[in-house]
Amino acid sequence: MISLRSTWERLRTGLKKRPDIISAAISPQKLTLSWMQKGSQGPELKAYETFSFKNLEFEKSIVFNPTKISSFLKNFAKENSIKNATFAISICGPTIFEKILTLSTSTPEKKDLNLKELKNLKWDYTYLGPSVKNGFEFYICGMKREILFQYKLLGIKSGIKPVVITTAKTAQIEFYKYLKGENFRQNQLVIDLQNSNYNIQSIFTPETIAKKIELNQNIEAEIKEDYPLLATNIGLFLLGNKL
Amino acid sequence: MKDINFINNQKPNKEILNWIKVSLLLIVITICTMSIITVKQLLKISAIKQEIREYTYKKENLNDALKKKNNLKKQQKKLKKQYDAINKLKSTPKKSFALLENIYKVIPQNTTLKSISITKKNINLQVSCPDEKIANWLAKQISDFPQIKNLKLASITKSNNNGFIFDIKGKINKL
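First to last, the sequence lines map onto chains F and Y.
Count along the first sequence starting at 1, add 411, and that's the number in this note's numbering.
Mapping of the second sequence onto this note's numbering: position 168 corresponds to residue 154, and the numbering continues sequentially without gaps.
The hints are simulated quantities; they were obtained by calculation from the structure and are not laboratory data.
Since this is a predicted model, take the numbers as computed values, not measurements.
A virtual CB, placed ideally from N, CA and C, is assigned to each residue, including glycine.
Hints may contain errors.
Claimed, not checked - DEER-style ranges, computed between Cβ atoms:
#1 Y:I(-7) <-> F:K622: 30 to 38 Å
#2 F:F560 <-> Y:T19: 32 to 40 Å
#3 F:A458 <-> Y:I(-7): 20 to 28 Å
#4 Y:I(-7) <-> F:G546: 57 to 65 Å
#5 F:K530 <-> Y:N(-6): 31 to 39 Å
#6 F:T513 <-> Y:T19: 52 to 60 Å
#7 Y:L10 <-> F:T516: 54 to 62 Å
#8 F:T516 <-> Y:N(-6): 20 to 28 Å
All chains, please: the whole structure from these sequences, using the hints.
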C-alpha cells in the first residue's frame, strides 16, 4: 500500500525527477538525519538534525521504539517539506558483524568467504584493495535478518521507502572515495585504513568535509561536533544517488 | 568496488517503469480474460437463441400436427359412426326380402311373376296368368299380408302366349 502510494507520488512529481534522499546515520547514542541535494560543487546540505536516544529507543542495533524513530523521520520530512522522499540508513553497533579479511585471491567466490559467524546472517563483501603485506583485503559485513526486517518495517511505518540499508563503514568508504575523487586508489585506501586502525572516520577532518559540501552558516554551527556523522550521511547520500 | 546494500533496490524510475509494465500487463491480461469470458457468454447466448428458434419451429409444427390429429380423430369418429351404421344395416336383413319371399310362395304354378317393385309406400306387381280369377285370388292372398293394404288390380293386358298380364298396385303398411 505504501509502495503504491509512494509510487503514485513519484509518478505525480514526474518520472524524470529523482526522489529526495534522507540520510539517516543511526548509532547507539543518536540518530542524525540530513537532507541533501546535488549542488554545483557537490552535495548541498539542505537540512540537518540530531536526535539523542535517552530512553533506550535504540539499543544494540535493535529498534526498541519504532514509533518514536519513525516519527523522527516523518517530522524531519514534514518540517523540511520533503515530498516524495526515500531514506538511506547506516547502522553500527554490536549486532552488526564486520571484518577485514585478507585473502590470497582478489576474485574470491562467496563460498571462500563463508565464515562461521556469517551463518544465519544477511551478508555481503567488497574488495578494498591489495594488502600492504601479501594478499588482498576484503571488507565483510552482515546483519541478522530480523534486524534488517525491523528497518524495512521502520520504512513502512514512517511511509518513507528505504533505498539503502548498510553499515556505517560502507557509507564512510563511499565518502572517502568521493573525498579522493579522481585520485582514489584502492591500495591507498588500504594503507589509510591500516594507518587509522580501520577507523576510517578519523581520516576525515571538519575542514576536508566542509570543502566537499555546500552548507549555510546556521547548519555549519549546528554540526561542528558531528562532522564524522556528517561524513557517514554524505556517504549514504552518494550511495542512494547511485541507484 | 562493490557497494554493500542489504536491500535489493531497483533504480527508482526503473521501479516505476516496472510498475507501469506490470500494471499494463495486468490490464492486458484482465482485458483478454474479460473478452474471452464475454465471447464465451455471447457464443452461449447465440447457441441458446438458435435452440429456442429450433424449438419454436418444432412447436409450431407440433401445433399443426396436433390440430391435424384432432381433426383426423373427429373424422375417424364420424367415419366409425357411419361404418357402424352401415354394418348394422348390413347385418340386419331387409324386411322387403321376407315379403318378397312370402309373395313368391303364394304365386300358383301357372302364374309367373314378371316384375315387382317395392318402395317405402307403394308396391307394384306384374304377373302373367291365364285368367282374372287367379289374379284376384293372388291379389287377395297378398293383401292378407300385414305389411300390405289396399292391393287392387290396376290394369289387364293380353299377353302373347294366350294369357293376361295383370298390374296389381297397393300400399305398404309397414315393412
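Do the hints match the structure? See the list:
1. For the pair Y:I(-7) and F:K622, the beta carbons lie near 32 Å from each other, so the given range of 30 to 38 Å is met.
2. In this structure, F:F560 and Y:T19 meet the distance hint of 32 to 40 Å, their C-beta atoms being roughly 35 Å apart.
3. For F:A458 and Y:I(-7), the hinted distance range of 20 to 28 Å is satisfied, since their beta carbons lie about 24 Å from each other.
4. For the hinted restraint 57 to 65 Å between Y:I(-7) and F:G546, the CB-CB distance of approximately 31 Å leaves it violated.
5. Separated by about 21 Å at the C-beta atoms, F:K530 and Y:N(-6) break the suggested range of 31 to 39 Å.
6. In this structure, F:T513 and Y:T19 meet the distance hint of 52 to 60 Å, their C-beta atoms being roughly 58 Å apart.
7. Separated by about 46 Å at the C-beta atoms, Y:L10 and F:T516 break the suggested range of 54 to 62 Å.
8. In this structure the hint that F:T516 and Y:N(-6) lie 20 to 28 Å apart at CB holds, the actual value being about 26 Å.
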